[in-house]
Amino acid sequence: MSFILTCPNCGGRPVDEFSYGGEITSRPRSSEDERALFSYLYFKRNVAGDQREWWFHSSGCREWFLADRDTRDNRVIATALPGGLDG
Amino acid sequence: MASPRLSEHRGELIDRNREIAFWWDGEPHTGYAGDTIASALYAEGVRVFSRSFKYHRPRGLLCCSGQCPNCLVAVDGEPSVRACMTPIHGGMRVDHINAWPSLERDLLHLVGRATPSFGMQVGFYYKTFIRPRWAWKYYEKILRGAAGLGVIDPLHRPTERFEKVHRHVDVLVIGGGPAGLEAAIEAAAGGRDTALVDEGLALGGHLAYSGHAAAGRAAELVQQAREAGVLILQPAYAAGVYEGGLVPVFQGTTMHRFRAAELVLANGAIEQPLVFEGNDLPGVMLGVGARRLINQFRIAPAEEAVVVCVDDGGIDAAVDLANAGVAVRAVVDTRDGTEPDQRLVLADIEHLRGFAPVRARGRDAVTGIDVARGSERRRLAADLVVMSGGSVMPHGFLVQAGGKVRYDRELRVYVPDRLPENVRVVSPAGGTTSDVPAKCASASGKQFVCYCEDVTTKDVHQSVQEGFGSLELSKRYTTVTMGPCQGRMCHRNSGLVMAAELGLDADAQQVGVTTGRPPHNPTSFSHLAGRGYEPVKRSSIHHWHAARGGKMLWAGDWKRPYDYGDADAETAAVHESLGLIDVSTLGKLIVRGPQAAEFLERIYPNRFGDMKLARVRYGIVCGDDGSILDDGTVARLSETEYYVTTTSSGAGGMEQWFTWWNAVWGMDCQIVNVTSAIAAVNVAGPAARTALAKLTDFDLGNDAFPYLGAGHAQIAGVPCLLLRIGFVGELGYEIHYPSAAGEYLWGALMQAGEEFSVQPFGLEPQRVLRLEKMHVIIGQDTNAESQPLEAAMPWIVKLDKESDWIGRYSIEFFKRRGDRLALVGWEGRNGAVPKEGAQVIGATGEPAGRITSSRFSHRLGKSIGIAWVPVGMAEEGTAITISDPSGSRIPASVTHRPFYDPDGEKLRS
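Sequence lines, in order, name chains A and B.
Those letters in the first sequence? Residues 1 to 87, by the working numbering.
Those letters in the second sequence? Residues 1 to 909, by the working numbering.
Derived from the structure by calculation, the hints contain no laboratory data.
Some clues are possibly wrong.
[Stated by the list, open to error] Incomplete in silico selection of chain B near chain A, CB under 7 Å: (1) Tyr242; (2) Gly244; (3) Gln342; (4) Leu346; (5) Asp348; (6) Glu350; (7) Thr479; (8) Glu598; (9) Trp657; (10) Ala663; (11) Tyr809; (12) Phe813.
[To be verified] Taking beta-carbon pairs under 10 Å as the criterion, some of the chain A residues facing chain B (in silico): (13) Ile4; (14) Cys10; (15) Ser31; (16) Leu85; (17) Asp86; (18) Gly87.
Positions of the beta carbon are idealized from the N, C-alpha and C atoms, including for glycine.
The whole structure should be built from the sequences, with the hints applied where relevant.
Right, here's the structure in full:
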């Protein structure tokens, strides 16, 4: 990976300044449905295409933010602080 | 035989006034400043530079341009250095590689000699050494020893510092020949920020080795480029085009990470060898190699030469050779025709048209060449055979950048087809307009297609016979194009040979094209690793420890004292009187804001919202899968402010964890990592209160400041956060204060403790003290699967908390499921200390559990520790057997109560 990612605070930076936080997930609100709990914990959707995911600017401002990225070619469509992306 | 230098000449790279002495295989040699290893040795008569990969055939200079594998040597312990691209410096130690006992007499050469007609067929190892099966282990030892080229010196440590530089430019030009220079000048003159990279020893591309006038033109272009403000990196090489348009450029010890709005490819064309018998003998050289020796280093490469060629590249070489005083016996030209070339007529050189090379003669060096036109044969004597087989534009960068190539029937090479928007190709496409003979059909000996991997025409023939019908497949079988040259010397020719074998016409498109992957040139791991951006961390008291005999060891990113020479005495001091330990390495976070309490309630399994002010509480942090991530203490400083400590190695991770959840939840609180701003010292032992009282007015009395109290105090004039916690089992205070006062306050504490024979103590005594209290160390006694219910901490998990918290649902599941394992303490019954990691075995000797901590406690007079065991073995008093790696069986019994001061009376005293 050597693409450029745009930090909402610092602007475009090489991706190796960041830590990947994984695709966004939806956290269950109880342990009743064990299948839902385990699939949240241990399964990823791992899409080939646009994915919304977390990034942390670990070698920079240490801000967490969201990115929409095409996992097939690492094209970054948009980045924003939480709540700042459409959809 | 040494070659005297020719007269001085524009474009030469050597400084005849400066002689430089260096070593070649232990013998002293000299050259001029500006000489490469290759040119200096060639001038002194060295002709054999390496032994080939498989057959250990002697190999001499071929391209002198850094494109072929023939001159790889070891320099000052670094293997696989290209001698033709590396300038000499004083005292340099240059050694041959891949030959034993010497370059001249190489035993493994016999392998090639013993099988003269057939050679080692493709897949020889797999096919030959498979039977008898039991013998493989013996074969393997010998084969492993024979494999590979250079030897890595395990003691060699690079002393240079490798750096990375980020460069963002408008235009990056790869290649400093005339096309590249002109493109760069134009871009820079147009106001664009432009950089140019060239891997050669001199800028100007072919102009640099094409004589007087050309060298003048090169100098002119370079001058213009500099005046236009082009950033020129030379010698430096681009390693490839990576994702996001990243082009790493390596120059000396620096990696320039280029991102350019426009990439201009001007990396020229590479002259190709011809395939005939003996085309690898020392003395068979490419035109460019001979011309560089003549024009850049002013060496006449031989006495008599023959040139074999498919186009005018050979004519150029012949003229240069003649001008250098070499007797050129003939130019053997595969092109038909009756009129000799005018330049050859002027130089009085015979032009043999329509002839092709058959075999180069000679055993360890070339003595002549046989050429043929139909049935007509000619034998020519020469100590140099110059090949000029047309040229090929390397298309690796182009394809990596997302472009496509197509085969051009006219030029007989691949040319750019579709280019991405921001990529431009400016160098000529190369190629040649006449047919290139694939190989010599009438020769019987080895005709090399690939110099790197010793692949011959027979190997390609065999791979086709065995069904490998395309170049991509054959490549995987024969390894053609997979050596250090990455196909630069063999891609075109292997395609031609393959096409001939398959009965296709010479249109190499039908056999396919291989993928040119980065890096383009051999690149060292030091370059890729760079300098590292995670420096060693030292506490503000580090130098005190080091000066007082602290054995400083790595502990995560930190250097910490293991002990100060006597771990047992340090342990005893804490129990009996007073000890001091530097705990500045603890991670420290401030959580502040109206929702700070609620935030911590959601992060931790235990409660923090109900905490009174000026109190401190132990807590663990779990992942959402219920696993224990970290532990530490949390002190409440005000309604809206908490001071959180984490483990020493967990600081960065916990900061990320906290801030991530804060981003997810969007709560009104801030998290600040103050780890390096704050020093911390734990003062422990029965004398702790008395000693500390000497330095502060703060009321340390047990009623005013009880166990688990937290308060702000001035100690020796330093503003401190004082926490009454003791993880080493005795009365203790943890003092957090500005790290600027690190050594000062530590010194004051040492002085105050003098009358109590205070001892600084290190990590090892701390381990023993903690173990005596049966404190679980996260990451030592737990792993990624450990959850608090099983890890002896069910009390910390508040499943009745109103709020949701991280790990709650998994732990609810674990609670329903019931425990399977238990983390327990154990006491040895015979004083033996098992190794950490030893197994706890069941009734029939089967592995049942695992020792995670073990030490001998002198205080208690027995071996103690912590272990994971199945719940069936976890009852208080259960007798267990530990199987130590030493082979001994150690009897022990399970216990759940701390070994020392089980009720914590000392802590609370």
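* Asked: So which of those numbered hints doesn't the model satisfy?
  -> Per hint list: 3, 4, 5, 6, 7, 8, 9, 14, 16, 17, 18 violated.
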